[in-house]
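2 protein chains.
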Amino acid sequence: MLTSDKIIVQIVVDQCEKHKIKHIVFSPGSRNAPLAIAFDENKAFTTHLVHDERCAAFFALGLSQELEEAVALCCTSGTALLNYYPAIAEAYYRSIPLLILSADRPEHLINQGDGQTIMQKDVFNKHVHTSISLNDQVHSENEIMEAQLQIAAALSVFANAWKGPVHLNIELEEPLYNTVLKAKNYAKSLENKKDDKDQNFAFFSQAEAILENKKIVVLCGQMPKNDRLERELDQFSDNTNVLVLVENTSNLQNQKYIHCIDRILNQIDENDSSYQADILISIGGAVVSKKIKTFFRSAKPKFHWRVGAEFPKMDTYQCLSSSLEINAEDFFLKLNQLKFKKNSLNYSGLWKQKDILAKDKIPEILSEKTSLTDLCVFYHLLNHLPDNCILHMANSSVVRYCQLFDPIQTIRYESNRGTSGIDGSTSTTVGAAIANPNQMHFFISGETSFIYDSNALWIRPFPKNLKIIVINNSGGGIFRIIKGPDNSKQRSRYFEAQHSQKVSTIAEAFGLKTECISDFKKLKNSMADFLNKQNNSQLLEIHTKAEQNPIDLYSFFNTIKKL
Amino acid sequence: MLTSDKIIVQIVVDQCEKHKIKHIVFSPGSRNAPLAIAFDENKAFTTHLVHDERCAAFFALGLSQELEEAVALCCTSGTALLNYYPAIAEAYYRSIPLLILSADRPEHLINQGDGQTIMQKDVFNKHVHTSISLNDQVHSENEIMEAQLQIAAALSVFANAWKGPVHLNIELEEPLYNTVLKAKNYAKSLENKKDDKDQNFAFFSQAEAILENKKIVVLCGQMPKNDRLERELDQFSDNTNVLVLVENTSNLQNQKYIHCIDRILNQIDENDSSYQADILISIGGAVVSKKIKTFFRSAKPKFHWRVGAEFPKMDTYQCLSSSLEINAEDFFLKLNQLKFKKNSLNYSGLWKQKDILAKDKIPEILSEKTSLTDLCVFYHLLNHLPDNCILHMANSSVVRYCQLFDPIQTIRYESNRGTSGIDGSTSTTVGAAIANPNQMHFFISGETSFIYDSNALWIRPFPKNLKIIVINNSGGGIFRIIKGPDNSKQRSRYFEAQHSQKVSTIAEAFGLKTECISDFKKLKNSMADFLNKQNNSQLLEIHTKAEQNPIDLYSFFNTIKKL
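Note that the protein sequences, when read in sequence, are chains V and S.
Taking our numbering, I'd label the letters of the first sequence as residues 1 to 563.
Taking our numbering, I'd label the letters of the second sequence as residues 1001 to 1563.
Everything labelled a hint here was simulated from the structure, so no lab data went into it.
Each hint should be verified, as a subset may be incorrect.
Stated by the list, open to error - Below 30 Å or equal to it, Euclidean Cα-Cα: the simulated DSSO-like pairs (lysine-lysine) are: (1) 1513/S x 545/V; (2) 1043/S x 1502/S; (3) 1126/S x 126/V; (4) 502/V x 1533/S; (5) 1121/S x 126/V; (6) 1524/S x 513/V; (7) 513/V x 1126/S; (8) 464/V x 1502/S; (9) 1121/S x 502/V; (10) 1182/S x 1043/S.
Please construct the entire structure, taking both the sequences and the accompanying hints into account.
Here it is in structure tokens:
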């Protein structure tokens, strides 16, 4: 096959293939042409093209999230690269493997007045696992070997339990477009140093005694679906001393668990010691609920065991006692082998009892509402979602509203909760939908976040298996539902992002077929119709009543509280 | 007046006022609320609101470019900040003073699982002049004094001859919305250490002898209009040994100078030593022409004097002999006081003669064309622009096409040539138009760059004194006019950014009034009509013939070459 005449480019491509990278997202440019040529000619890779680098990086994140494998990004030199940064930070905090391949000018031309030239080397240092710089002056066997090993070491991060973004900056001299027939394979991986000794032996030998007679909370953060974990945790939670708190983004559903953390914390008296835990076991990534952080920070459990390879030093609840760098399914497998006595309390039952009251009451509270508010829309929307789909939630109020309702069996929940930014949720979803074309994907967004990332609609081909619902509450509804500015005159200007931009016209400009609801009476029918797979509309804009939204939400919480 | 109850916020605001910052661009958020409240209440500041932080930073750059003063930016914590980076890099390479005020969580919550939290401290380190981190635990007199001095030192960068971006990261604890009556002014500036001794004494004492009998080129990069420089350079160039090469972005027009560098280099034989210079004096920022870099790098002048405070070590032509950190007007004032003999050659006349031939020929070549190509559109467009306006040029092919025609007297030319990215030209222009509402601003962009930054159209109020012309050649025409891929099958996919997105529908979705031309016969009338101030259309989309564009351009260069 044809390839670039630059040996360094051939090494990069061969190493990517060797390390099982299959998807690469390009943004058009000139300096990265040798990489585009070489990847394009190699049939092992599927290439995608996204113009706006900010979208491209979130799109790659969506591919990686869905495929659960490392995905590569490639752009030209200059500020193009900097546009990747928001998604790189998100990938870093979600431990998602992204390979950033940035084309650069040769070092002697940096800061010498050439166009599209910045200091790219190590520019993402704070938020990548490894960052290396390569150049195309690689010819001798020694130079080739050195480059192979450098790249193999960088790519080996993707085989670690703790994954994340890796940056390869590649300095390329002109001419850029020359090709040769590929004559050699430069793939070379490092030997796997498997460390099989169990570093947690001491921990498990003491755990049995500690678990005895204790009230235990397992708090689950964001994670992909995980069948083994599901089974082990189900068994562990058969013990009535064990309360499992999950969020929809944990993708762990079970009748025994509590799925709506903020809702239950609103119902219980946090100062009542019978609710407080002796042991907190935390697994997974970010937790959406702010209240649970406050709960554990004020009523600190005696032990907090953090389980998982990622961010082992993270002490979210300010009471970390052990950090166990093993995966959660192995952890619970080991706990399930221990024999520790339950105490006489039905700790999980105490919580669950309250939870069931709220869950049962919700249809009654919400089905009689007749006003087009955010809360109502989410209730009906979630009720109408078809089975076996993937639901992508934008940040700010969307992800919080969705937490108020028990997650739907068969549905997977995704959201950019690494950094919780409003900047790339649409592009991430488009990437995920492209990666997994056989399932329907639904995306719910507020209109501010949606317009922010409207260039996601510029991606081609635009996935047919994606339907977008935009709740337009005229700007930043989040500030009406979190604790914050009450009557401040600055509220609407600086905190809420108020504006009157219609979203569907923007989507139409990018070629999407849209529908719009601004009348409560039409909500149920129009929504059901839109969500139907046969309907080929791609975006539904729902205008909710900005002033009524917080009133409805507070009244909901108040009703629940009294149960 | 009211202000935030946080003393550190009061100090920041007072120091900004003391250091003459008048404009501040906010993006909505919660963590930056104390700053929003305090700046908003103080009548010394004009506040702007831009939702998308990438646009916000370019918008601030446009304000600063136009006002020639430091402008502040303020956003919430997390990835919001990272979206500033492309504009910060542009500001860094154009030496434009921007103050970045990023709100952050308190340090003990970084990497502890809180939302919208990344490692903000020093995150822009490579591309800012100073970066400091502050927190709100400032109460004692000593703590106050230390904060005052730290901030004063950071802001003093804006008084330096070499300006650029400065980053203040401010850690703020909750509660965020409390206010107090302002009781004290915390402004405090550092003593000015003026260093009046002339460090260039040795240089000027030798310059007279060196200049004797030499062929001298003054090459002018990007700079704002500068009356004093205009006068001094006019006098210096009376010497016929002196050739002045300017670009439209130099904003230095004079009948004696050569204004179209690529055009003239296409006409002369670069190997003919009579054209080669003995001394190169370079002033200003970036130079658009790539050919002039090649010209001087291959036929190196004996001396290259770089003049100006910015990037003193930059050696663009690989022959730097002296770097003089004084401003260009003072430099030429001093040269004008020297007496050095001309040689007998009319060096500038040799070049100018060729230049006049091309200039005279252009109307003849282009007025008879009847096809809607980029070149034709630029010719007619520049002919129809009204006097006394400001022309903003997007990057890639637009800025290069505009260099082919002598700049128009009374028009100022602006472009993001610091990093030459396609990412923020529209937002920059919107900022400039807002800053200077009494002049008409015109913005020419390709459609890829325009869609990239379409969130610029979301800025409110949208300036009424701005008209946008988008040349839609269906994607990245730049790769058809620069040396590059000839018949590569990857060309259209990876290098050219081909797409068929209509631009005017997007602009309309954001509320702009648009017009469209896709027929050559209508070009002149429709364009004249659109450019008329009375016409209230805001965007004109012109569809040019992608295949014909490079043919037209090469034929133009060939005709000029033979003159």
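Non-conforming hints, listed in increasing numerical order = 2, 6, 7, 9
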